[in-house]
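**Q** From first to last, the protein sequence lines stand for chains A and B. Basically our numbering = 1-based index in the first sequence + 33. Basically our numbering = 1-based index in the second sequence + 256.
Don't read these hints as lab results, they were simulated from the structure. A hint or two may mislead.
Unchecked claim - Under 7 Å between C-beta atoms, here's a sample of chain B residues computed to sit facing chain A: (1) N260; (2) A278; (3) E279; (4) S284; (5) Y294; (6) R338.
Stated by the list, open to error - Anything over 10 Å on all C-beta distances counts as not near chain B; from chain A, calculated: (7) I47; (8) E123; (9) N163; (10) L182.
Stated by the list, open to error - Within a straight-line C-alpha distance of at most 30 Å, the following computed DSBU-like cross-link-like pairs (lysine-lysine) qualify: (11) B/K304 x A/K39; (12) A/K220 x A/K155; (13) A/K155 x B/K298; (14) B/K322 x A/K39.
Glycine included, each C-beta is placed from N, C-alpha and C at the ideal position.
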Amino acid sequence: MFQYEKVLQYPVNIKTPNPALAKVIISQLGGPDGEVGAAMRYLNQRYSAPCREVQAILTDIGTEELGHMEMVAAILYQLTRNLSVKEIKESGFDAYFVDHTAGVYPTAASGFPWTAASMQVKGDVITDLNEDMAAEQKARTTYDNILRLSDDPDVNNVMRYLREREIVHYQRFGEALRRTIDRLDDKNYYIMNPAFDR
Amino acid sequence: MENNRQKALRKLMAARFALHDAELYLDSHPDCQEGLRYFRAKREQMEKLRNEYEAEFGSLTAACAKADERWEWVCGAFPWERGES
Chain A
34 MFQYEKVLQY PVNIKTPNPA LAKVIISQLG GPDGEVGAAM RYLNQRYSAP
84 CREVQAILTD IGTEELGHME MVAAILYQLT RNLSVKEIKE SGFDAYFVDH
134 TAGVYPTAAS GFPWTAASMQ VKGDVITDLN EDMAAEQKAR TTYDNILRLS
184 DDPDVNNVMR YLREREIVHY QRFGEALRRT IDRLDDKNYY IMNPAFDR
Chain B
257 MENNRQKALR KLMAARFALH DAELYLDSHP DCQEGLRYFR AKREQMEKLR
307 NEYEAEFGSL TAACAKADER WEWVCGAFPW ERGES
């Protein structure tokens, strides 16, 4: 089960509302490489992981991603506070506002809502861990792109923190993959799927 | 300016983070003695800071919230509000 702790993993305090920036940041909530997808990917993949270490990594990184989902949502919430109709129209936030007001909805910056089609659970640990390593790099690139587009120091401070976490997770998934390969027949680890073939 | 609650919270968040990062490391290095020592030290530090914080500023989990006169869980702000983290 999960228990909520009333504390963010890293502080989020945005001084200046900026709905135009929120339109971009929202992709790290509900975009194809965002935090909702990361949490769903790892927390659903863990059942077919064949050893405890990999089950633990998927559980603990998946849980951290729920915390990142909350941090990105907090940024969006704070960037879109106290907006006037004029600001909403001039920033181009109107297309989002008409459907969601200033609520936090998991969608890509393009407006495409979060979809499980942007992630996979293949039920094969080698395949899934390779996807997870790619997912961390895709998220890292997205944070790089946000840092190119944003000049708000309060936002960028959090973006840099989250970017670092992608790199740490990539490292941990790489170790999980190595451990898995070592346990299987390392001369031919594609010989079988340990979650299916007995 | 940070108030006392924020100061205590930031210290707790830093210790909480170090502990979490050590957890991930131990998942893939379960026999690393140096890692285990680091984790034990961080856990002790985090538990001390959490107990001090919760005693003064309220529980971080609903299960541990005070339930005497009024349900404490709804008395403190949630952390996504500006100034609450």
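**Q** None of the hints should be skipped; say for each whether it holds.
**A** Hints versus structure:
no.	hint	result
1	N260	violated (16 Å)
2	A278	violated (11 Å)
3	E279	holds (6 Å)
4	S284	holds (4 Å)
5	Y294	violated (15 Å)
6	R338	holds (5 Å)
7	I47	violated (7 Å)
8	E123	holds (23 Å)
9	N163	holds (16 Å)
10	L182	holds (22 Å)
11	B/K304 x A/K39	holds (17 Å)
12	A/K220 x A/K155	holds (22 Å)
13	A/K155 x B/K298	violated (36 Å)
14	B/K322 x A/K39	holds (14 Å)
Checked against the numbered hints above, the structure breaks hints 1, 2, 5, 7, 13 and satisfies the rest.
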